[in-house]
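Trainee: Listed below are the residues making up each chain.
There are 4 protein chains.
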Amino acid sequence: MNTFAVLGGDLRFVYLAGALAEDGFSVITAGFDHTDLPHCVTGCTRVDQAAKGADFVILPLPVTTDGTTLNAPFSRSTLPLADMVSCLHAGQTVLGGQLQPALLQELQENGVRAFDYFSREELIVQNAVPTAEGALQLALEELPVTLAGASCLVTGFGRVSKALCRLLYALGANVTVAARRVSDRALAGTLGYAAVPLTALADAGAFDVVFNTVPALIFDEPRLRALAPSTLIIDLASRPGGVDFAAAAGLGLKTIWALSLPGRVAPKSAGIILKDTVLNILKEEGEAV
Amino acid sequence: MNTFAVLGGDLRFVYLAGALAEDGFSVITAGFDHTDLPHCVTGCTRVDQAAKGADFVILPLPVTTDGTTLNAPFSRSTLPLADMVSCLHAGQTVLGGQLQPALLQELQENGVRAFDYFSREELIVQNAVPTAEGALQLALEELPVTLAGASCLVTGFGRVSKALCRLLYALGANVTVAARRVSDRALAGTLGYAAVPLTALADAGAFDVVFNTVPALIFDEPRLRALAPSTLIIDLASRPGGVDFAAAAGLGLKTIWALSLPGRVAPKSAGIILKDTVLNILKEEGEAV
Amino acid sequence: MNTFAVLGGDLRFVYLAGALAEDGFSVITAGFDHTDLPHCVTGCTRVDQAAKGADFVILPLPVTTDGTTLNAPFSRSTLPLADMVSCLHAGQTVLGGQLQPALLQELQENGVRAFDYFSREELIVQNAVPTAEGALQLALEELPVTLAGASCLVTGFGRVSKALCRLLYALGANVTVAARRVSDRALAGTLGYAAVPLTALADAGAFDVVFNTVPALIFDEPRLRALAPSTLIIDLASRPGGVDFAAAAGLGLKTIWALSLPGRVAPKSAGIILKDTVLNILKEEGEAV
Amino acid sequence: MNTFAVLGGDLRFVYLAGALAEDGFSVITAGFDHTDLPHCVTGCTRVDQAAKGADFVILPLPVTTDGTTLNAPFSRSTLPLADMVSCLHAGQTVLGGQLQPALLQELQENGVRAFDYFSREELIVQNAVPTAEGALQLALEELPVTLAGASCLVTGFGRVSKALCRLLYALGANVTVAARRVSDRALAGTLGYAAVPLTALADAGAFDVVFNTVPALIFDEPRLRALAPSTLIIDLASRPGGVDFAAAAGLGLKTIWALSLPGRVAPKSAGIILKDTVLNILKEEGEAV
Numbered sequence: 001m002n003t004f005a006v007l008g009g010d011l012r013f014v015y016l017a018g019a020l021a022e023d024g025f026s027v028i029t030a031g032f033d034h035t036d037l038p039h040c041v042t043g044c045t046r047v048d049q050a051a052k053g054a055d056f057v058i059l060p061l062p063v064t065t066d067g068t069t070l071n072a073p074f075s076r077s078t079l080p081l082a083d084m085v086s087c088l089h090a091g092q093t094v095l096g097g098q099l100q101p102a103l104l105q106e107l108q109e110n111g112v113r114a115f116d117y118f119s120r121e122e123l124i125v126q127n128a129v130p131t132a133e134g135a136l137q138l139a140l141e142e143l144p145v146t147l148a149g150a151s152c153l154v155t156g157f158g159r160v161s162k163a164l165c166r167l168l169y170a171l172g173a174n175v176t177v178a179a180r181r182v183s184d185r186a187l188a189g190t191l192g193y194a195a196v197p198l199t200a201l202a203d204a205g206a207f208d209v210v211f212n213t214v215p216a217l218i219f220d221e222p223r224l225r226a227l228a229p230s231t232l233i234i235d236l237a238s239r240p241g242g243v244d245f246a247a248a249a250g251l252g253l254k255t256i257w258a259l260s261l262p263g264r265v266a267p268k269s270a271g272i273i274l275k276d277t278v279l280n281i282l283k284e285e286g287e288a289v
Numbered sequence: 001m002n003t004f005a006v007l008g009g010d011l012r013f014v015y016l017a018g019a020l021a022e023d024g025f026s027v028i029t030a031g032f033d034h035t036d037l038p039h040c041v042t043g044c045t046r047v048d049q050a051a052k053g054a055d056f057v058i059l060p061l062p063v064t065t066d067g068t069t070l071n072a073p074f075s076r077s078t079l080p081l082a083d084m085v086s087c088l089h090a091g092q093t094v095l096g097g098q099l100q101p102a103l104l105q106e107l108q109e110n111g112v113r114a115f116d117y118f119s120r121e122e123l124i125v126q127n128a129v130p131t132a133e134g135a136l137q138l139a140l141e142e143l144p145v146t147l148a149g150a151s152c153l154v155t156g157f158g159r160v161s162k163a164l165c166r167l168l169y170a171l172g173a174n175v176t177v178a179a180r181r182v183s184d185r186a187l188a189g190t191l192g193y194a195a196v197p198l199t200a201l202a203d204a205g206a207f208d209v210v211f212n213t214v215p216a217l218i219f220d221e222p223r224l225r226a227l228a229p230s231t232l233i234i235d236l237a238s239r240p241g242g243v244d245f246a247a248a249a250g251l252g253l254k255t256i257w258a259l260s261l262p263g264r265v266a267p268k269s270a271g272i273i274l275k276d277t278v279l280n281i282l283k284e285e286g287e288a289v
Numbered sequence: 001m002n003t004f005a006v007l008g009g010d011l012r013f014v015y016l017a018g019a020l021a022e023d024g025f026s027v028i029t030a031g032f033d034h035t036d037l038p039h040c041v042t043g044c045t046r047v048d049q050a051a052k053g054a055d056f057v058i059l060p061l062p063v064t065t066d067g068t069t070l071n072a073p074f075s076r077s078t079l080p081l082a083d084m085v086s087c088l089h090a091g092q093t094v095l096g097g098q099l100q101p102a103l104l105q106e107l108q109e110n111g112v113r114a115f116d117y118f119s120r121e122e123l124i125v126q127n128a129v130p131t132a133e134g135a136l137q138l139a140l141e142e143l144p145v146t147l148a149g150a151s152c153l154v155t156g157f158g159r160v161s162k163a164l165c166r167l168l169y170a171l172g173a174n175v176t177v178a179a180r181r182v183s184d185r186a187l188a189g190t191l192g193y194a195a196v197p198l199t200a201l202a203d204a205g206a207f208d209v210v211f212n213t214v215p216a217l218i219f220d221e222p223r224l225r226a227l228a229p230s231t232l233i234i235d236l237a238s239r240p241g242g243v244d245f246a247a248a249a250g251l252g253l254k255t256i257w258a259l260s261l262p263g264r265v266a267p268k269s270a271g272i273i274l275k276d277t278v279l280n281i282l283k284e285e286g287e288a289v
Numbered sequence: 001m002n003t004f005a006v007l008g009g010d011l012r013f014v015y016l017a018g019a020l021a022e023d024g025f026s027v028i029t030a031g032f033d034h035t036d037l038p039h040c041v042t043g044c045t046r047v048d049q050a051a052k053g054a055d056f057v058i059l060p061l062p063v064t065t066d067g068t069t070l071n072a073p074f075s076r077s078t079l080p081l082a083d084m085v086s087c088l089h090a091g092q093t094v095l096g097g098q099l100q101p102a103l104l105q106e107l108q109e110n111g112v113r114a115f116d117y118f119s120r121e122e123l124i125v126q127n128a129v130p131t132a133e134g135a136l137q138l139a140l141e142e143l144p145v146t147l148a149g150a151s152c153l154v155t156g157f158g159r160v161s162k163a164l165c166r167l168l169y170a171l172g173a174n175v176t177v178a179a180r181r182v183s184d185r186a187l188a189g190t191l192g193y194a195a196v197p198l199t200a201l202a203d204a205g206a207f208d209v210v211f212n213t214v215p216a217l218i219f220d221e222p223r224l225r226a227l228a229p230s231t232l233i234i235d236l237a238s239r240p241g242g243v244d245f246a247a248a249a250g251l252g253l254k255t256i257w258a259l260s261l262p263g264r265v266a267p268k269s270a271g272i273i274l275k276d277t278v279l280n281i282l283k284e285e286g287e288a289v
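Top to bottom, those sequences are chains A, B, C and D.
Number 289 marks the last residue of the first sequence (our numbering); no jumps.
Number 289 marks the last residue of the second sequence (our numbering); no jumps.
Number 289 marks the last residue of the third sequence (our numbering); no jumps.
Number 289 marks the last residue of the fourth sequence (our numbering); no jumps.
In short, the hints are calculated from the structure, not lab data.
No experiment lies behind these values; they were computed from the predicted model shown.
Hints may contain errors.
[Unchecked claim] Derived contacts from chain D toward chain C, CB cut-off under 8 angstroms, selection only: (1) Ala21; (2) Asp23; (3) Gln49; (4) Thr78; (5) Leu79; (6) Leu81; (7) Ala102; (8) Leu103; (9) Leu104; (10) Leu140; (11) Val145; (12) Ala170; (13) Leu171; (14) Leu227; (15) Ala228; (16) Arg264.
[What the hints assert, rightly or not] Each computed DMTMM-like pair below joins lysine to aspartate or glutamate, with the alpha-carbon atoms no more than 20 angstroms apart: (17) A/Lys254 - B/Asp36; (18) C/Lys254 - D/Asp48; (19) C/Lys52 - C/Glu121; (20) C/Lys283 - C/Glu141; (21) D/Lys254 - C/Asp36; (22) B/Lys254 - A/Glu221.
For each residue, glycine too, the CB sits at the ideal point set by N, CA and C.
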C-alpha cells in the first residue's frame, strides 16, 4: 500500500490527509500541531520523519510564501524548505502548488519526481464552485436586499465568473456580465444574462453588487465614481486585484477583496478537490494509486 | 396626498418609510432616534406628534413584545401603547402586525379602522424568500463543504421549505424533504428532491445539514442521537421551535435557531414587502392610495 | 402473491400492467388485443376470465366514456360494463378512474370494495409533469422562435401551471402568470415570473404563446381580439376548455386543445404514476401489497 | 440609409430580411418566390435586380450546395452563381455562409469585400440554443417517458452539448456526459452531471436516450450492441455523423440524425441570430450600420 506524506498547508490539507486515509492509503503528516487530525492519520513533529518513508509527498498551496520556509500555518515551529528538500530522495514523488522553478530543479537533480498541481485544469474548474459559493455568502451577508431581484454585475466571463453567474441567476438575481469578447457576451445572453462590453460599464445601469473577476485595474477612480454610493464591490481577482481600493475608500464604497475563498469557506470540499487532482496526476504518470 | 405615520419597529420599518416616501407619500416617523432616516422622511420624537395628522398609521411587527409598550428597538425612550392609542381618532386607519385582540377592539371602539397585515398571504409568501436566503447564508457560513454536493434534509414542505429547497437544489445540493402528506412527497419528487415520511427520518440517511421548518418537536433526543455528530442543524420554526436544544447541546450537535430572518438578513427587501402588503390592504379597503 | 387484473384502458394501462409484473405481482389483462403485452403479463380475451381470480381489479381512466361499455380502445370487441360488474364478487377490490356513482354503489352492494384513484392528490401532482412536458413539446413544435427569449402567458396557477411555468422559465422564456389571487401573483413573483390579475389580460403585453389552464371561458372573443395574430394558443383545460374556438378560428389564431397529455406523450411514465397511486391506496387500506 | 440584398436561402433568410427591415434598413430580396415576404421587404424576380443597388449582399448558408447555383429552395428558377457574381461590383460587401475559396477569391478580384459569417463565434454560440431545443423536442416526441427522471447520455462537451445538458438537467433528467478531457468531466461534475471518459461508455449504465455531438464514429457496432434495445439515439453531429446507422438499424435501435436544427425548429430565432452576426461583422469592419 502506498504512503502519502502531507507536509504543511492550511485546513484543506488536513481534510486532504483525511480523505486519502479514507481511500485506504497510509497517511503521515507534519506541520499540523495546532489541529486535530482525522481518523487514521498519523502526525509527526518533524518533516523529515514524515517524509522519509513516503512514496508521495504533498506540499502546500503555495509551497512557500517567503521563499525559505514551508507554508505551514498550523505548525508550532518554522519548517525550513531546505530541511524538507534534503530529506527527500530518488524514487519519491513530490506534488506541490506553485512550486518555484529553483525548487523544482533542485528536486529533479536529486532524482525526485516533482509535479505542480496548481495549474491543473480540473483543480481550477472545481475550485470555481467554492469560490462562487464564498462570493455568494459575502453578498448575502452584506446586502440589505435579497439576491432575488437584486441587480448584479460580474466582470469577466471565465470559470469563476460562469460559476458565480449561475448561482446568482438561480437565486433570481438580474445578472449582467461585462466581457470583452463578442462571443462571451453572446454566450451570456443565451444563459439569460444581460451583457455589456467591458468598455461600456458606464452605461450598464445601477447595481446592488459588483463582482470583479478580472486581474487588472477594471475599477479605477472614474469607473468607481460612476457607481451608486450604496454599491457593494466584491473583488475575486488575484493580485493585483481589479479595484483601486484607495479610491473606493475615498468615495465611501464598501469593497471586499476576497482571496483564497475555497480554503476559507469550504476547506473540506477544497481538500477533496486537491485529493482528486493529486490522484489524477499520479494515475496519468503511471502510478498504481 | 395621503400621509403615513410609521411608529416603531426594526430596520425594516425604516426601509418601509423610505419606500413609501419614494412612492410619493408624505411620511412621518417616531421611534427611530438611533438611526438615519431615508430621504424625504420626517422624524418626530413623540408618537402623538407623528400620529395626529396621519391618514394611515403603521405599527411594527409585532406591535408589542411586552403588552404595554410599542416595539421600538431604535427609540431612546419607551413608548407606552396607551399613549399611542389615546392619540388616534376616528377616520384614521391603523395597520399592525400581530395586533392583540384587546388592542384591536379598543381601536375599533374609538372609530379607528384597524387591520393586521401579519396574516396576509402575500406577506407570508414573499417573506419566504429572505427567510430561505438567510438559511442559505447560515449554511454557507457554517459548513466546511460546498452546498454543491452537500446532503440536505428539510423537514416540512410549506412555503419556507419550498423556497429553501429550491435554492439548495439550484446550488447543486442533494435535497431530501421529510413531509407527512403523500401528495407533498409526490410533489417533492417531481421537483428532483428525495422524499421521506416524517416518521421515517431514522432511515433517511446521513446529512451535512438539517433545516427544520415544522413548529413542533421533530428533533427529540432519539432523533438527534440518530444524526452524525458533524450534522449542522438550522431551526427555522417559530416558537417553540422543532429541536430539543438541550439534548442537541449534550450530544455536541451544532444547532442554530434562526428566527426573524427577513428583518435581519434583508431589511430593505423585507420593508418593501411590508409596503406592498400594506398598500394591497388599503386598496382592497377602497382607499385611493 | 397478489393478483392484479387490468381491464381496458389506453397505452398507460399496458405500462401499468408491466410495472406491476416487474414489482413481482401476478398480472392478467383483458382488452388489449391490438398491442404487445409486456414480459410476464398474461392476456385474456374475456373480461370475466381476467377478473375472476384477481384480488385487485384495475379499471381504466375514465372507466367508461359512453356509460355502458368499458373504455378499451385496444380491444377488438366491445366490453359491456354489466358483464364486468357481474363477474366481480365479494372480497375483491376495484380501483377505477372517474367511477360513476351508480357503478360505485352497485359494486359496493355486491360486497366489492371500490376506490376512485382519479381524485388522489399524488396522481394529480405527478401527472402535472407529463402534462407540462407535453405542452412544452407542442410549443417547441409550433413556434418559429426558440422558447429561450420567448414571451409566454400562462393563465391560472394550479399544479399544471406551476409545473409548466417552471419548465418554460428553465428554458429561458419570459413567463407571465395571470391569476386571480393576490397571493398566487406574489408567489409567481418570487419565482421570477411576471404576474397580472386575470382581469387585466388586456394590459399584459404581447405573447408568442398563451397556455390556458383554467377550465372556464377565459379567452372569449374580445380577449382573443386583443392578441397578436401570430399568437399560438395551447389550451390545457379540461372540458369545456377555456377558449372560444370558433372565434379564435375566425380571427386566424392557431389554437390547440391539448387534452389527456400524460397518456399521449409519456404513457410509460403515466403508467408508473398510476401504479404508484394504486399501490398507495391499497397500502392505506391495509392491503399487504 | 443602407440597403441590404438577401439572395436565396431557407426560411431563416426570410426572417433575416424582415428583421433587417424592422431595424430600419432598406431590404430587397431575390429567390423567395414561394413564400410571403415580411412587411417592408421588396421581392425581385432576378438576382441582378436585387443586388445592383445594394450596399450589403447577404448570401445563404451554405451559399451553394452544388457548386454552381445559389442555394435557394424557395425560388421557382435556378439561380446560377456566375450570374450573381457578375452583377456585383467594387464597393459592395458580400456576407455568405461557407463561402468557397474560389468564389471568395473571384469576388475579391472584382473589388468586392467578402466575409464568411459561418465561422463567427457568436453565431455558433447562439445557434447552440435552437439546436438544443430541437434535440429536446425530438426526445419529447419519441420517448414514452417524461424527461423528468429519464437517463440521458450526451457525448462530447462542446457548445451544443453544454446547451443541451443544461435543458435536460433543468427538466429533471439524469444527465451523463461522456468526454475525453479530464477538465471537461470535472466541469460536468460541478454542473450536476455524471461524467465518464468516452472510452468507458460500456460501463456508463443504461440510458433512455443518447445524444451524440461528436463528429466521429463514436457509436460503432460494438458500442451500439451494448445499448438496451429501447434506447433512442439522436445524432446531432455534422457529417459524417457519429453513428453507424446501418448497424443501428440492424440492431433495431431507433436512430434520428438531426441536422440543421436551428433553421428547421426555430427559423425566426435563427434569422435574428444571423442578422446580429452580420451586423457585428459590418460594425467591426467600420461600416456605419
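Trainee: Can you verify the interface hint for D/Leu79: is its Cβ closer than 8 angstroms to any Cβ in chain C?
Mentor: Not OK, violated: D/Leu79 not within 8 angstroms of chain C, min 25 angstroms.
Trainee: So, as I understand it, the hint says D/Asp23 touches chain C; can you test that by seeing if any CB pair is closer than 8 angstroms?
Mentor: 17 angstroms, violated
Trainee: Is the interface hint satisfied for D/Thr78? The criterion is a beta-carbon contact with chain C at less than 8 angstroms.
Mentor: At about 27 angstroms, which exceeds the 8 angstroms cut-off, the nearest Cβ of chain C leaves the hint on D/Thr78 violated.
Trainee: Mind checking the alpha carbons of C/Lys254 and D/Asp48 for me, to see if they're no more than 20 angstroms apart?
Mentor: 38 angstroms, violated
Trainee: For the pair we were handed, A/Lys254 and B/Asp36, check the Cα-Cα distance against 20 angstroms.
Mentor: 18 angstroms, holds
Trainee: Against chain C, run the beta carbon of D/Arg264 and see if the smallest gap drops under 8 angstroms.
Mentor: Interface hint status for D/Arg264: violated (10 angstroms vs cutoff 8 angstroms).
Trainee: Per the CB criterion, is D/Ala228 less than 8 angstroms away from chain C?
Mentor: 14 angstroms, violated
Trainee: Hint D/Leu171 vs chain C: min CB-CB distance below 8 angstroms?
Mentor: With a closest approach of 6 angstroms, the D/Leu171 hint holds.
Trainee: Would the stated hint for D/Leu227 survive a check requiring a Cβ distance to chain C of less than 8 angstroms?
Mentor: 18 angstroms, violated
Trainee: With chain C as the partner, please determine if D/Gln49 meets the hint condition of a C-beta pair closer than 8 angstroms.
Mentor: 28 angstroms, violated
Trainee: Is the hint on D/Leu104 kept, meaning its closest Cβ partner in chain C is under 8 angstroms away?
Mentor: Since the shortest Cβ distance to chain C is 31 angstroms, the answer is violated.
Trainee: Given the hinted pair C/Lys283 and C/Glu141, is their Cα-Cα distance within 20 angstroms?
Mentor: 41 angstroms, violated
Taken one by one, the earlier hints fail for this structure at numbers 1, 2, 3, 4, 5, 6, 7, 8, 9, 14, 15, 16, 18, 19, 20 and 22, listed in ascending order.
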